[in-house]
Each structure stands twice: as C-alpha cells, then as structure tokens.
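K.L.:
Just need the whole structure built from these sequences, with the hints factored in.
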Amino acid sequence: MAAPIILTTVLGTLARIIILGSRYTQTLADRIELSTPVTSWKLMTEGVFLLDHGISPYEGDNFHQPPLLLYLFFVIHKTAPSLIPLVFLFLDLTTAFLLYLLNPFSILTCAAQSTSIINNLMIASTFLLTLKGQRISATLTLALASYQSLYPVMLIVPSAMHLAFLKMQERKETISYSSRTAVSAILFTVGSFLIWYFILLGVSYTMLESWDFVRSTYGFTLSVTDLKPNLGLFWYYFMEMFEHFRIFFLWVFQVHAFIYTLPLAIVLWKCPSFVFFCQLILMAVFKSYPSLGDTTVYFALLPVWSHAFHYLRNGLVISVMIVISVVLAPVLWHLWIYAGSANANFLFAFTLIYSTAQIFLVTDLIFAFLRRSFSLQHGMKALKPDGTEKLVKLQ
Amino acid sequence: MKIVSIISVFLLSFEYGFASDDDYFIEELYMNPMPNGFVHSHFQFSIFSNSNLFRSSGQHYDLFPKAVGQIIESHDVKELHLSLTQGLWRHDKWGYPVRSSPPGAELWAWFNETPARSIDESWANLVNSLSGLFCASLNFIDATNTVVPNLSFRPSGVVRGGECPDQDSVRYASLPKENVCTENLTPWQKLLPCNSKAGLSTLLNAIRLYNAHYHTLTVDVQPVCQSYPACTSTVLRLTQSISVVFRPTLNAGHQQWSLQSLFDRPLKGSCPLAVKSYIHVDISNESISLDYTLNPPPSKVTSDDHGKVASYDVAEMTQGRSSLNIKFKWTSKVIYGKANPPTLHAHRFIAGYGQENGGITCMIYNNDISNAVDVVYMETLPWYVRLYLHTMKIKTENGTDVKPDMLRFVPGRDRGRPYLLELMFTLPPASVITFSIQFDRAFLKWTEYPPDANIGFYLGSAVISANLPSSANFTTARQLQDASLPSSSSSSPGSEQFIRIYTEPLLLQLPLPDFSMPYNVICLVCTVFAIAFGSIHNLTTRRLDYEKKKETIWMKVKRRIPFLGKKEKKDSKESKEEKKEDGRARDASSTNEDATGDAGRTKEDVAKGTKVD
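Quick mapping for you: the protein sequence lines, in order, are chains A and B.
The numbers in my numbering rise by one with no breaks, and the one at position 74 of the first sequence is 74.
Residues are numbered in my numbering as their position in the second sequence, beginning at 1, plus a constant of 1000.
The hints are simulated quantities; they were obtained by calculation from the structure and are not laboratory data.
Bear in mind that the values here come from a model prediction, so they are computed numbers and not experimental data.
Please note that the accuracy of each hint is not assured.
Derived DSS-like pairs (lysine-lysine); straight-line CA-CA distance at most 30 Å [said to hold, decoys possible]:
1) A:393 x B:1395
2) B:1197 x B:1327
3) A:393 x B:1548
4) B:1197 x A:78
5) B:1393 x B:1197
6) B:1549 x A:390
7) A:384 x B:1556
8) A:390 x B:1550
9) B:1308 x B:1333
10) A:172 x A:78
11) B:1393 x A:78
12) A:390 x B:1548
13) B:1558 x A:393
14) A:384 x B:1548
15) A:390 x B:1395
P.N.:
And the structure:
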C-alpha cells in the first residue's frame, strides 16, 4: 500500500536533486516557459543583492515579489546561500506530500527555482485544509497565496462555500446557501481571510517602511508593463495593441480573469471543490504571467474527477495540443531570439494552442460533470418511442 | 607621446587686467600634427562677461551673445556644457583632446535653486531652448534619458564661498544617435562676435569640416574668477570650440599641410573685436623637432617641461600681408609608426549572443608604470537594458577581484528613468581592469521601436573621470580649456590633472515583434477568449435536457393562422399522446444502463452540432 507512494517519492526527489545539482539549473531558470518576471529566480537574486547594499528593490521596475518572500530569501542567503536549492526541494516535497511528484512540469519548475513553487504550496494547502474544514489555516494559506500573486483571491468563493457546506453538514441541516448558518459561515470565512491578508500587508509595510511594494507587485500584475514572452495570452497582445485602446483592453482582460467565479459557483453549487478546481485551470490560462508551474497543481488533482472522464469528448485533442505546444514552444523561442530565423508569430501561435488546450480541458470537464449529474438524475439512456436514443443537449 | 602643456602660453595672455565692466573676446587655434599622420585642429573662442550685468536693469549685452545670456538667465543655469560630436576620439592613437566629448549630443548643466520652478522643469525648458537655438534635436532629452550623477560631473567653474552645491541640482543626458551638420554650425557661428566674417572663424569651412575623421562643436558656459589669486569677483565665460581631426593625404611620400590645404582658405586677418588672436602649433613631438619646416616663422616659440609650442599672433602677422597661410612640412619621408597610447584609455563592448540577454564589458588600461590611478566610472543605460547589479564583476588581468571604493546604483523604471551606475575604484600601475555586468533585454511595444528597428538602439558612452598625476605621460593642450584658471601644473610638478574619457557608444539589438500583425493578434487572442467565454456561458446559462422536437417554420405558420385550426387541434392531440408515451418510455428506461451507446451518442452529438462549442 505504501510502496507506490514511497516509490514515487523517492523517484521524484531523485529527479529533482539530479537536476538541481546539475549545471542545467541556470538554463532552466532563464526559460520563459518556467519563469516569468513575477516568479523569476534571477530577479529574486537581484532583489536580495540590492537589499544587501541598502538599495530598495522596489525603486526600480525589475522586482515584483512581495516583501515577505524577499526577506525569506534574504535571510536564507545571509545564513546559508548554498542551501537554496535544498529550500526549493523541501518546499516542493511538502507540496508533493499533498499532491504530486512525477509531473515533468513540476520537476522543471522546481529545478528552475521559480517562486511559483511557493504559490503552488499555498494553493494546495488551501485545498487540503478547506476539505478538512480548518477555516483559520485555510484562510491563512489562501491569504499567503493571494498575497504573493493576486489571482488566488478568486478561490475565496469556492473555499467559503465548501466551508459553509461542511458547517451545514455538521449541524445536520438541509443544504441551502441562504440559510443562517451558511451566510454566517461564509461571512466568517471572508472576514478571517481579510484579516490575515491585512496582517500580511501590514507586516510587509513594516519591513521596508514604505508602500512601494504595492506598486511593484500588485500594480505590476495588473498593469502588465513587462512584455516578456511567456506561455500566456497577454504579452503579444499588449505588444501589438494600439496605444489608444490599451487601457480598455487591460481592464477587459483583468476583469475577465475574475468573472467566471460567480457563474461557476452558482451552477456548480453542489460541489464547491469542483469549482475550486475549475478556477485553478482558468487562473492558469487567464492570469497575466502564467507559466508551466501554474498547471502542476490542477494536473495533479485531475484524477479526483476521473468519474467524469466517461463523458469527456476531446481528451485526445487536448493531450495532443498540450504535448505539441510544450515541446515546440522552446524550439520556436530559440529560433526567434537566438537563431534570428523565425518570428515572434511562431511562438505566439503555440502559446495560443497551449491556452486553447487548457480552455478545452476546463469546458469539457464542466460539461462532463454536468452530463454525469444529469445521468445520475435521469438515467444513462432514454429511448424514444421508435426505439432510437434520445439525445441530451444544452437548451 | 610627449608631455605638452601650453598653459604658460595662455597665462601670459592674461597678465594684464581688463576693465571689469567690459566684455572681452579671445580666439585661439591650436594645431597638433601627430606622427601617425593625423592633424588635430582645435578652435577655441572665449567670451568673458561680467555676470552682474545680466542681473542689473537694462541687461546690456555687448560681445556676450544675447541668445545664450537669455537662456542662462531665464532657466537659472549656473553652468552649461553642450557638445555635438560626429566620430569617436581615439584615445589610444591621438592622446587626449582639449575638450573631450562623446559621439552624438551631450548636455549637462548645474542649476541655481529657485523656489519658482523645480530643477526638472528648468531642465526641460533648457533642453527645449537649446534645441531651438542650435537646430539640434535636443528635445528628445526627457526623463527617460536624464540622470543625476553624483560623482562624475562636478562643477567645473567657480563655486561661490567654497560651499558644496546640492547634488540634486545637476542634470546629465546624452543622445548617442544625434547627427551634426551645417545646420548646427550656422547658428553656432552666429553667436561669435565676428560671426564668420573675420578672424579665425572664417576658416570654418563646412565642406572640409564635415569630411573629417572627427569633429565636435561645443558650448561651455561657466563662472570663472576674474583675477588670481584673489578671486574677488567672477565673470561668466562662454567657450565655444570646434575640434577637428584631419588626415591630410601624402604628397610624393611627404606629408604636409597648410591652412589652405586643410580649410580651403587662408587666414585673412584677425577679428577686430578680439583682444587676443593666436594660432599655436604643437611642435613638441621629437620627430618633428628634428625634421620639419614651418612657414612663415612663428612669432614666438615657448618650450617648457611639457612641450614646445610655436605661436603666431594673427593680428601682427596679417598686418603687412594680405593673408596668413601657415605651412607645415615634414622634410623626410613619412614613416607611420605605432602610436604610444596615453596613460589612461578604455574600450567598451557588448558581450553575449542572442536577443534575450547580454553583457557590457569595459576594459580600462592604466599604462603608467609607477602610479596607481583612481577612476570614477559612470554608466547610463536606458530602461530597456535591465541591469543586474549582482552580476557585476571588476577583475584584473590575473583574475583577482577589485572591490570598488564607492558604488552608487539607481535602478531604472520602465518608461520612466534610466539605469545609473557610478563606481569608484583604483587601477594598479601598468594594469588592465575589466569591468563586466549582465543585462536582460526588454520587449517593447510595437510603437516604441524607431522606424528602422533592425538597426537597433544606441547606448550612450560610459564616462571615466580621473585625476592623473601631472608627472604622468599625457599629451595635452587641454589646458587651453582652463586658460583662465591658474592651473597649478605650471607651478608645481606634483599636482594632478583632471581628464574625462568617453568610451565607445554601443548598438543593441532588441527582439522585434512582427509589425504587420496588430489586427491579426487582436483577432486571434480575442477568439481564444471568446472560445472560453462562449463555452462557459453556454454551460452556465443552459440546462442539459433531452432533445425537444424541433418546430419547423411551416408548423409555426400553421399554428398562428386561424383557418388552419382543425389541423392544429389534431396535431395538439397527437402531440399530447406522444408526450404520454415519452413519459412512460422515460420511466421504463431510467433503470437501464448501457455503456455501448455512448460512442454513438457522442458522434451523433457532434454530427448534429451541439451548442456546447
């Protein structure tokens, strides 16, 4: 029983140790698929160095990580700089303990020392703690996750719903989100999240005695000033956007990232953990600086809904699209930047394919989930009077 | 190269005092034939004016140009230094110039603090005024290429009361891509008292000037002491200079040049408004002193520790004659030798490959075998060259690290402020120090690229400032610059000489997007967003249900038209029966579980085109 877990743990740890210890860490740390301006290790090193020399990293426009993370790595750098790969290994193993290990995306992200590892850890912990009903710690990890990058804020909705659901179950009441227990549970959850979040902001303020970091972290994530290519949809769009419309489309894109929260919560109200899961996928596609590290958490959680795979219609297409885009994107990046023979359009095309694959995945999964619940209510098959099957369609 | 200093010559010029209320004007031409065949000509026009005149009512401008005076007054400028240069001064071949300037345009200024305006406002106004005055595109100087250097650019004029000026009141900017042409020469010449009609400025022939290897046009305004050593009052000195480096062609193996051959015209006379009008020819080079002829013979020849100079008093020499044409000829055949590089020179270049990141490396040479030299290195890079300070390395030839004595780093802001790096470190004697730093290239929006985007972007020169001990081996007539200051080099041998070296500018390729694609990109990305939005909108606003019978248009029409009513009733009865049967069939089949129909159903769904995608 424990053998598969031990085997995967050992294999995963070995894979990470080998790559972290090899000379490929530097190359991986620079890859655009693995590190973005928000999570890059090179920028973190620069931030720690500037802090060491008494220059605030937030004065320039290069550093986009929040102060607590900066100080964490500053302290580690001061005490034992050679232990940094071990820190990443440890963080990833902790996430793995909750989730995954042999996913190649996660191995590469750990080896690239991208700080999205920490984000993944927080999101995974939130999921686990929400399922276990621990409100205080769940909201703490969620506050940490959204403190680091802005987008996990949207996970408060499924989290609150699930915690309220557990509360109602506890009290043996009928499940209704408008009942008193539900509303009070939701309010408590949101309240404790906000309290944790403001505590974190306050602590960050006291570290460098200024609010500069807000402009550098959240301001940067929202205003997308750095157009470095990544696996997302924003960079080329804002590179080629007419100046006149830039702000309008910036608002549209950023609001778009958040608008799926409520509709999904309303339709899938019976299963908030599934809403959480769909939010993870949508976040990985529509955030301003996505990377391969954002997909690792939900790929690991995918088998949880394997019962819905029966109704998936585009499985082959999705997997082929993802494999092709992840394999070819680095090639075309090299051709554009280093060989000078290709164009930005090639990389952009594969970025589009990667995003579309993930969108197909989430829509297909939602359809499969809904179809399965329809089958549970109305049965697997219905016959028309002439003996042919009735079709089930969205109407 | 031998040490030359002409300061003694110029000190002589100032031994008699002037009436403190008058403006006075001095014009000089310094020519240096170098053994490697280059001829450096440096014209310097200095106008001294009592600055108190500006502040008194009436603002009477005599020789000092009103255009410059008004600019100084209205923008609260204490000191102004502008240079427009085409070409790179090759320190290792030519020594040090009289007034060093980087390729392109460079402007730096010290301001007086006023409560009325901020320094940034004054700077912006100054830049635009100068741009209009000299017909140069200096208006491209804005916050994205202006820096506030602390260590490198100290006031070069007199500082009142010995007080340290506020570090924030200096501004520096450079435009490495700026071109110089006749359009800039003409307004510059108009500022001279004699314009281009008399005196040394008649030699400024645009066709010859702009065909030279190097030419620069400079304007310096600074307050200087009126009398030494008791500096009781200051005058404002406007120094306009043109520096040209020609390479005259060989004539049957002998190199010779004359004013006529270089500038295509002889000198007709001096400017009547000039107090002093001189031509100095540097003959301190050893090979010259043996083997040259200089026609006509000079008014006087001064030689001291630093070198030998033949001087011509233009007013005197042109009194009897119609024109003065100084001819210089090497009597023996020319053998071009390898030039000895001066004490301090530098070479800067871009390292790395690909368009993602890169590095800047600067090699600084100290050729002095006995003295260590302290240098201040200043680097200004635009915001799209994202410097990483932790990758900075300063190493000697054998790989040992040199720790900088002072380090100042101002990180840049995207589209707001450039990167400024100022370092002070010591060069050991007879060594080469390599400074290197890495950067990432930013990706710009498509409108931010210049029209010829494939050329790349110009990065301005780095500035290396140093105090060289005067016993150090350096050639210069650069004391021409400080002719009014009692440079201590003539008095004590152990004092220092300040020099400023500019490195090469760099050309950086940034990765380019496809400029023809805006509409396509917008369409494609919005399509992806629409796929997501449309699918999820469908899934959340519609319910899954069994397929209902589709009503054709004919049936709709029949339903609405009354005289077809009978058929309608029949239809409704039949449909009611069908529904009952459906209900029974549904109940009956609810317990069935059949997995094999899935594939067929899926295909049918796809075939019928479900509304999900």
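K.L.:
Look at each hint and say if it fits the structure.
P.N.:
Against the structure, the hints:
no., hint, result
1, A:393 x B:1395, "violated (72 Å)"
2, B:1197 x B:1327, "holds (23 Å)"
3, A:393 x B:1548, "holds (9 Å)"
4, B:1197 x A:78, "violated (70 Å)"
5, B:1393 x B:1197, "violated (54 Å)"
6, B:1549 x A:390, "holds (11 Å)"
7, A:384 x B:1556, "holds (23 Å)"
8, A:390 x B:1550, "holds (13 Å)"
9, B:1308 x B:1333, "holds (22 Å)"
10, A:172 x A:78, "violated (53 Å)"
11, B:1393 x A:78, "holds (20 Å)"
12, A:390 x B:1548, "holds (9 Å)"
13, B:1558 x A:393, "holds (27 Å)"
14, A:384 x B:1548, "holds (11 Å)"
15, A:390 x B:1395, "violated (80 Å)"
This entry does not satisfy hints 1, 4, 5, 10 and 15, going by the numbered hints stated previously.
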